[in-house]
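Trainee: What follows is the residue order along each chain.
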Amino acid sequence: MKLSRKSALLGTAAFALMATQAVAEQRTLKYYADFDPAPLAAFEAAIAEFEAANPDIDVVLQNFDHEGYKTAIRNFLSADSPDLANWYAGNRMAPFVNAGQFMDITDVWTDNNLGESLASAKGSMTIDGKQWGVPYTYYQWGIYYNKDAYKQAGVEVPKTWAEFIDNCAKFKEAGIDCVTTGTKALWPGAGIFDYMNLRTNGYDFHMELTAGKVAWTDDRVKNTFAEWAKLVEPGYVTANHAALDWQDAASLLIQGKAANYVMGNFAVAVFKDGGMTNDTLGFMQFPEITPGLPRGEEAPTDTIHIPAGAKNVDDAKKFLAFIATADVQTKLNEALGQLPINNQSKVGDDPFLQAGFEMLSTADGGIAQFFDRDAPAEMAKVGMEGFQEFMVRPENLDKILERLEKARQRIYK
Amino acid sequence: MTGSATTAIAATQANTPGIWKRNQRAWAPWIFLAPGIAMFALYVIYPIIASMWLSFYDWDGLGTKTWLGLDNYVELFDDEAFYTSLYNNIIWLVLYMLAVPAGLFVALFLNQTVTGIRIYKSLFFFPFVISQVVVGLIFSWFYAPNFGLFYNMIEWLTGTGIAVLADDRYVTYGIIAAGLWPQIAYCMILYLTGLNNVAPDQIEAARLDGARGWKMLWHIILPQLRPATFIAVVVTVIGALRSFDLVSIMTDGGPYGSSRVLSFYMYEQALSEYGFRMGYGAAIAVVLFAIMMIFISGFIWKMVRDERGL
Chain A
1 MKLSRKSALL GTAAFALMAT QAVAEQRTLK YYADFDPAPL AAFEAAIAEF EAANPDIDVV
61 LQNFDHEGYK TAIRNFLSAD SPDLANWYAG NRMAPFVNAG QFMDITDVWT DNNLGESLAS
121 AKGSMTIDGK QWGVPYTYYQ WGIYYNKDAY KQAGVEVPKT WAEFIDNCAK FKEAGIDCVT
181 TGTKALWPGA GIFDYMNLRT NGYDFHMELT AGKVAWTDDR VKNTFAEWAK LVEPGYVTAN
241 HAALDWQDAA SLLIQGKAAN YVMGNFAVAV FKDGGMTNDT LGFMQFPEIT PGLPRGEEAP
301 TDTIHIPAGA KNVDDAKKFL AFIATADVQT KLNEALGQLP INNQSKVGDD PFLQAGFEML
361 STADGGIAQF FDRDAPAEMA KVGMEGFQEF MVRPENLDKI LERLEKARQR IYK
Chain B
1 MTGSATTAIA ATQANTPGIW KRNQRAWAPW IFLAPGIAMF ALYVIYPIIA SMWLSFYDWD
61 GLGTKTWLGL DNYVELFDDE AFYTSLYNNI IWLVLYMLAV PAGLFVALFL NQTVTGIRIY
121 KSLFFFPFVI SQVVVGLIFS WFYAPNFGLF YNMIEWLTGT GIAVLADDRY VTYGIIAAGL
181 WPQIAYCMIL YLTGLNNVAP DQIEAARLDG ARGWKMLWHI ILPQLRPATF IAVVVTVIGA
241 LRSFDLVSIM TDGGPYGSSR VLSFYMYEQA LSEYGFRMGY GAAIAVVLFA IMMIFISGFI
301 WKMVRDERGL
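Protein chains in written order, with the working numbering: chain A, 1 to 413; chain B, 1 to 310.
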């Protein structure tokens, strides 16, 4: 008896709540996203702020699991389209743009002068001279290292590739993996390749290669792999990396069993959860290989788009303009622990973010998105498998490159 | 005379009314079958035809389809990864068959009356009850470098550990071993039920004739277990050909694609994050279907023959 009265009360309360919402006549803005818990909280705060400024808009955020989202987006874009959807910059958005499933939002860019404030990401948001989304964050890639491991092996942080390789020999003597990685999910290996290629041949060549304009059997690509082989052939990379997830490799770095890890800045949270502090964890940019090349860096950008099937386009554009503002990007990225795109935004105090910001803003070569965003999905898959195979069996290099070349000729027609 | 004539007319009249009454016996089975046939046509026949049709197109699942004709197949037969998958599928088929004799011997071993035998039986059956995903996870930990039991055991024995799932030479065997664990349990339960139906008088008679051990098993028990063996072989062949979950959970086809099987390669090409080549995936599916058809028609042929008592 008591229970049912209670639930009846609850029911009336819920009904009353619904009624007030109906009275306010809000327009809903449906937003599909794939945030992890920390970014989700940051975005909820930003959305609350947006709703406070626009009381007539009700943003309904539907959060998906990261991996599930990548499949789900293909379904919901054609079936039941939201007004806003998360995705990634560069070639990764090309299939949706080409299939007409993302809306051209060049007007948001021109009306809000985003070409200036988001200048660093404009290139990666542009296809056919139009902009197709708004970026809200990016993060740097580079080498994270264990300072204690460096002390144990008695080596200095290297400046050049030659020094880096020399260090590796000493790490090996000390029983420490010079470079660790976990390529079970393939992509961590692509991070190493990107940097090897960016440093050996430069940003422009890297972009031509990922755009399918250069053959994989080209001598310049072979040079990249020759440099990479200096790391692989003597066994300076963690053995069995093909069976490890990137987090497993992170714990090797935390335990001091490995010295260096080519990773994205999101790994800092994992290192610190594992007990590393600013005193034991270091960050350096990938050392120079070919001297005098303009320095290209890697910084994947996360973006928000308006699907072509959106029902509430006006409010969606308003939301994108809001997300692009300096103040919002400062707050968002403070919580995300990443770098804002807007050049008027402030960067968090975290030394790794500061280092990344410094590194990216002085990159005179250009900013790459990451192999699986710069290259089309199919090429990325074949390529990353090749990189993994190379790191296990470097003697197969010629076979691998021939396979990649065959894939290139098929994929970029 | 008139009397018999009227009864005859009445009889014909009683037989004529309604098409339904006349055809009842012919139609009834079809009506009962109709829901099944409709479901089968919609969920089995139609998808098969649709994927065959799709395999002639280039389609990313979003845009427009382009007709390719046989190009997908031409590419497939020149695709290294396809041959790796096919080769792995054959290894799966061959090694998976070990589950049948292994299941038989576990069943023979457990077919005794000891206190608590039911508990032992359920324990042996347990791996089949848990999900393949869980089996895959357990075995990946078992093989995991640095902390896995298997890895440490090998390291203790030989000095250097083997990361089974990171080595293209062992990875497929490692996954098959994981798959055999539940599959043996499955075959075991099939044989256990079969053993319940073995005629005790024949065993008695054989014993009087002096049959013992292997002879008893080969000439008396096994012939009576033929139906169980048939089912065990069928489920094992099909299980080997559709192996997907374990590959996906344990290695994701890696390292560098060396543990792929056809079903996984199809998924990768058509549906995974970097795939979305629907036509090419469909072509792989058609090839897999053709391979399965060889076995399935064989089984059906045998079943029909048995039913006719040939």
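Everything labelled a hint here was simulated from the structure, so no lab data went into it. Just to be clear, a hint being listed does not mean it is correct.
Anything over 12 Å on all C-beta distances counts as not near chain A; from chain B, calculated [stated by the list, open to error]:
| id | residue |
| --- | --- |
| 1 | Leu62 |
| 2 | Lys121 |
| 3 | Trp218 |
| 4 | Leu225 |
| 5 | Tyr256 |
| 6 | Asp306 |
Label-pair restraints from in silico Cβ distances [to be verified]:
| id | chain 1 | residue 1 | chain 2 | residue 2 | range |
| --- | --- | --- | --- | --- | --- |
| 7 | A | Ala94 | B | Leu70 | 27 to 33 Å |
| 8 | B | Val134 | A | Glu233 | 23 to 29 Å |
| 9 | A | Pro291 | B | Asn152 | 24 to 30 Å |
| 10 | B | Thr158 | A | Gly123 | 51 to 57 Å |
Heads up, the beta-carbon is just placed ideally off N, CA and C, and yes, glycines get one too.
Trainee: Each of the hints needs a verdict: does it hold here or not?
Mentor: Do the hints match the structure? See the list:
Distance check on Leu62 (chain B): its Cβ comes as close as 4 Å (rounded) to a Cβ of chain A, failing to clear the 12 Å threshold; non-interface status is violated. No Cβ of chain A comes within 12 Å of the Cβ of Lys121 (chain B); the nearest lies about 35 Å off, and the non-interface call holds. The non-interface label for Trp218 (chain B) is consistent with chain A: the shortest C-beta to C-beta separation is roughly 43 Å, beyond 12 Å. The Cβ of Leu225 (chain B) lies farther than 12 Å from every Cβ of chain A, with a closest approach of about 40 Å, so its non-interface assignment holds.
For Tyr256 (chain B), the condition that its CB be more than 12 Å from all CB atoms of chain A is violated, with the nearest at approximately 4 Å. Interface exclusion of Asp306 (chain B) from chain A stands, the closest Cβ pair being 44 Å apart, more than 12 Å. Look at Ala94 (chain A) against Leu70 (chain B): about 28 Å separates their beta carbons, and that is inside 27 to 33 Å. Checked against the given bound of 23 to 29 Å, the beta carbons of Val134 (chain B) and Glu233 (chain A), roughly 39 Å apart, lie outside it.
The hinted window of 24 to 30 Å between Pro291 (chain A) and Asn152 (chain B) is violated, with their beta carbons roughly 46 Å apart. The beta-carbon spacing between Thr158 (chain B) and Gly123 (chain A), approximately 53 Å, falls within the hinted interval of 51 to 57 Å.
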